[in-house]
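**Q** Sequence:
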Amino acid sequence: MRLILVGCEYAGKTTLANEIVKWIDKTLGGARGFHDHFTIPSNELTAEDQEQFMVLNPRLKEMFQRYIIEYHLQPAFYADPDHNMTGFHIEEAVYAPLYYGYGGKGEYAERTTMARAVEKTVMTEAPDTVLILVRASAEVIAQRLRENPQPRGVLQEKDIEYVLQRFEEEYQASLIRRKFILDTTTATVEETVAEFAEQIEQYLSDTDRLRMLAHQALHAK
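Numbering-wise, the numbering used here puts 298 at position 59 of the sequence shown, and it's gapless, one number per residue.
For the record, the hints were derived by calculation from the structure and aren't laboratory data.
You can take every hint at face value.
Result set (DSS-like, lysine-lysine): computed pairs, CA atoms no more than 30 Å apart in a straight line:
1. Lys344 with Lys418
2. Lys359 with Lys344
3. Lys418 with Lys265
4. Lys300 with Lys344
5. Lys397 with Lys344
Using C-beta positions, here's what the derived DEER-type ranges look like:
6. Glu309 with Val260: 19 to 27 Å
7. Asp288 with Asp398: 20 to 28 Å
8. Arg305 with Leu414: 15 to 23 Å
9. Gly272 with Glu364: 18 to 26 Å
10. Gly272 with Leu295: 21 to 29 Å
11. Glu378 with Ala436: 21 to 29 Å
Quick reminder that beta carbons are idealized off the backbone N, C-alpha and C, glycines included.
Build the full structure now, drawing on both the sequences and the hints.
**A** Given below as C-alpha cells:
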C-alpha cells in the first residue's frame, strides 16, 4: 500500500497514521510505519541536531529539504509494498514559504511547482499511490493547539485558516488521481479509521488484494 497523508497540524495525521499501520498489519499483514520526517525541525533529530539545524539560513534548509524529498522518491523505497508517508511534498509546499523562508511563488525552488514535479515521479514509480487529506475545522484545530501544543510544532494560531486553505488548494491541484478526504472535526479515531477502511477499498491494488487474501487464509487455519 502506498499512502501519502497530508493536512494541517492538529488535524490528526500522526494519530491516524499509527492506526492505519495497525489496520494494515491486521488486514494485509507485515505493515511498516509511515515516514514522518518532512517538518522542520524533524522529530528524528536529537535536540542538539535540531538547534544546529535551526540556525541554518533558508538556502541551506531548502537544500536539505529537497534532498529529503528526493531521497524518498528513490525506486528502492517503492520496492517496499508499504511505502507510506506523512506530510511529504504537499506539507513542504504549504509550510516552506510561510515558516521556513523559501519556496514562495516566483522564488527559486518554488515549492508548489516542485510538488507537481514530485507527483509526476510518484505517478511513474507508483501509480497506485493514494493521497489522503486529513482535515478539521479551524475552530477545532485552534482548540487542539491550545489544549495540547506540540513541543516543536510550526503552526501558529493566527495562520490556521490560511494553512487549511493552502492544504485544500494543494490537494485539489495534485496530479495524484487516487485520493479522498477524512474529516476529524467531530469523528473519533475509531470512526476515522473505519471511514479510511471504507474509502481505501476502491483503491486497493492487485498486490494489496493478494496480500489480504493470503493473510486471511493464514489466519483462518
